[in-house]
Amino acid sequence: MRQPKNRKHPKDFKGRNKGLAQCGAKVSFGEFGLKSAEYGRITARQLEAARRAVAHHVKRGGKLFIRIFPDKPISKKPLEVRQGKGKGAVEYWVALVQPGRMIFEIEGISDEIARAAFARAAAKLPVKTLFVKRTVM
Numbered sequence: 124m125r126q127p128k129n130r131k132h133p134k135d136f137k138g139r140n141k142g143l144a145q146c147g148a149k150v151s152f153g154e155f156g157l158k159s160a161e162y163g164r165i166t167a168r169q170l171e172a173a174r175r176a177v178a179h180h181v182k183r184g185g186k187l188f189i190r191i192f193p194d195k196p197i198s199k200k201p202l203e204v205r206q207g208k209g210k211g212a213v214e215y216w217v218a219l220v221q222p223g224r225m226i227f228e229i230e231g232i233s234d235e236i237a238r239a240a241f242a243r244a245a246a247k248l249p250v251k252t253l254f255v256k257r258t259v260m
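Everything in the sequence shown is counted per this note's numbering, starting at 124 for the first residue and increasing by one.
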């Protein structure tokens, strides 16, 4: 699973996920993309499950680009532990996504196969998604 190798500060504040995706909102690398349609947190496990679903469907054809990275640590205290005594240990890593953020891109396969592969990936993700094509100007 994907996570940062090292960080200056191991734990983050909770923060707020707001605004629309400004960067990473266009199909840049592939021909087709899977774009987020709502706010959410995508965990490293969910991202890996979606990647495997796409890879399994397209077999050896095409190239997949993962456009998000789970770089936000989510900490959790153990069960039945009293409050206080510091912040809990890092439990898992998430990528925050806003509406319009590109999650996956793929190239080298047909429209129908890409659509079917991204439909399987979307089933593994906690956010609503849209299938988009690269626009040539």
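One should not assume that every hint holds.
Simulated pairs of lysine-lysine, BS3-like, Cα-Cα distance not exceeding 27 Å [stated by the list, open to error]:
id: 1; residue 1: Lys137; residue 2: Lys247
id: 2; residue 1: Lys186; residue 2: Lys137
id: 3; residue 1: Lys208; residue 2: Lys256
id: 4; residue 1: Lys208; residue 2: Lys141
id: 5; residue 1: Lys199; residue 2: Lys186
id: 6; residue 1: Lys131; residue 2: Lys199
id: 7; residue 1: Lys149; residue 2: Lys199
id: 8; residue 1: Lys149; residue 2: Lys247
id: 9; residue 1: Lys134; residue 2: Lys200
id: 10; residue 1: Lys200; residue 2: Lys182
id: 11; residue 1: Lys141; residue 2: Lys186
id: 12; residue 1: Lys149; residue 2: Lys186
id: 13; residue 1: Lys256; residue 2: Lys137
id: 14; residue 1: Lys247; residue 2: Lys186
id: 15; residue 1: Lys251; residue 2: Lys186
id: 16; residue 1: Lys251; residue 2: Lys195
id: 17; residue 1: Lys256; residue 2: Lys134
id: 18; residue 1: Lys131; residue 2: Lys210
id: 19; residue 1: Lys256; residue 2: Lys128
id: 20; residue 1: Lys195; residue 2: Lys128
id: 21; residue 1: Lys137; residue 2: Lys182
id: 22; residue 1: Lys256; residue 2: Lys141
id: 23; residue 1: Lys131; residue 2: Lys182
id: 24; residue 1: Lys141; residue 2: Lys182
id: 25; residue 1: Lys251; residue 2: Lys141
id: 26; residue 1: Lys137; residue 2: Lys195
id: 27; residue 1: Lys210; residue 2: Lys128
id: 28; residue 1: Lys195; residue 2: Lys247
id: 29; residue 1: Lys195; residue 2: Lys182
id: 30; residue 1: Lys247; residue 2: Lys131
id: 31; residue 1: Lys134; residue 2: Lys182
id: 32; residue 1: Lys210; residue 2: Lys149
id: 33; residue 1: Lys195; residue 2: Lys149
id: 34; residue 1: Lys134; residue 2: Lys186
id: 35; residue 1: Lys134; residue 2: Lys199
id: 36; residue 1: Lys131; residue 2: Lys186
id: 37; residue 1: Lys149; residue 2: Lys251
id: 38; residue 1: Lys182; residue 2: Lys199
FYI, nobody ran anything at the bench for these hints, they're computed from the structure.
Tested hints:
no.	hint	result
1	Lys137 with Lys247	holds (24 Å)
2	Lys186 with Lys137	violated (34 Å)
3	Lys208 with Lys256	violated (50 Å)
4	Lys208 with Lys141	violated (31 Å)
5	Lys199 with Lys186	violated (36 Å)
6	Lys131 with Lys199	holds (20 Å)
7	Lys149 with Lys199	violated (34 Å)
8	Lys149 with Lys247	holds (22 Å)
9	Lys134 with Lys200	holds (13 Å)
10	Lys200 with Lys182	violated (41 Å)
11	Lys141 with Lys186	violated (31 Å)
12	Lys149 with Lys186	holds (17 Å)
13	Lys256 with Lys137	violated (34 Å)
14	Lys247 with Lys186	holds (20 Å)
15	Lys251 with Lys186	holds (23 Å)
16	Lys251 with Lys195	holds (21 Å)
17	Lys256 with Lys134	violated (37 Å)
18	Lys131 with Lys210	holds (17 Å)
19	Lys256 with Lys128	violated (33 Å)
20	Lys195 with Lys128	holds (12 Å)
21	Lys137 with Lys182	violated (39 Å)
22	Lys256 with Lys141	holds (25 Å)
23	Lys131 with Lys182	violated (39 Å)
24	Lys141 with Lys182	violated (36 Å)
25	Lys251 with Lys141	holds (16 Å)
26	Lys137 with Lys195	holds (9 Å)
27	Lys210 with Lys128	holds (21 Å)
28	Lys195 with Lys247	holds (20 Å)
29	Lys195 with Lys182	violated (31 Å)
30	Lys247 with Lys131	violated (31 Å)
31	Lys134 with Lys182	violated (38 Å)
32	Lys210 with Lys149	violated (37 Å)
33	Lys195 with Lys149	holds (23 Å)
34	Lys134 with Lys186	violated (34 Å)
35	Lys134 with Lys199	holds (11 Å)
36	Lys131 with Lys186	violated (33 Å)
37	Lys149 with Lys251	holds (17 Å)
38	Lys182 with Lys199	violated (37 Å)
Comparing the model with each earlier hint shows violations of hints 2, 3, 4, 5, 7, 10, 11, 13, 17, 19, 21, 23, 24, 29, 30, 31, 32, 34, 36, 38; every other hint is respected.
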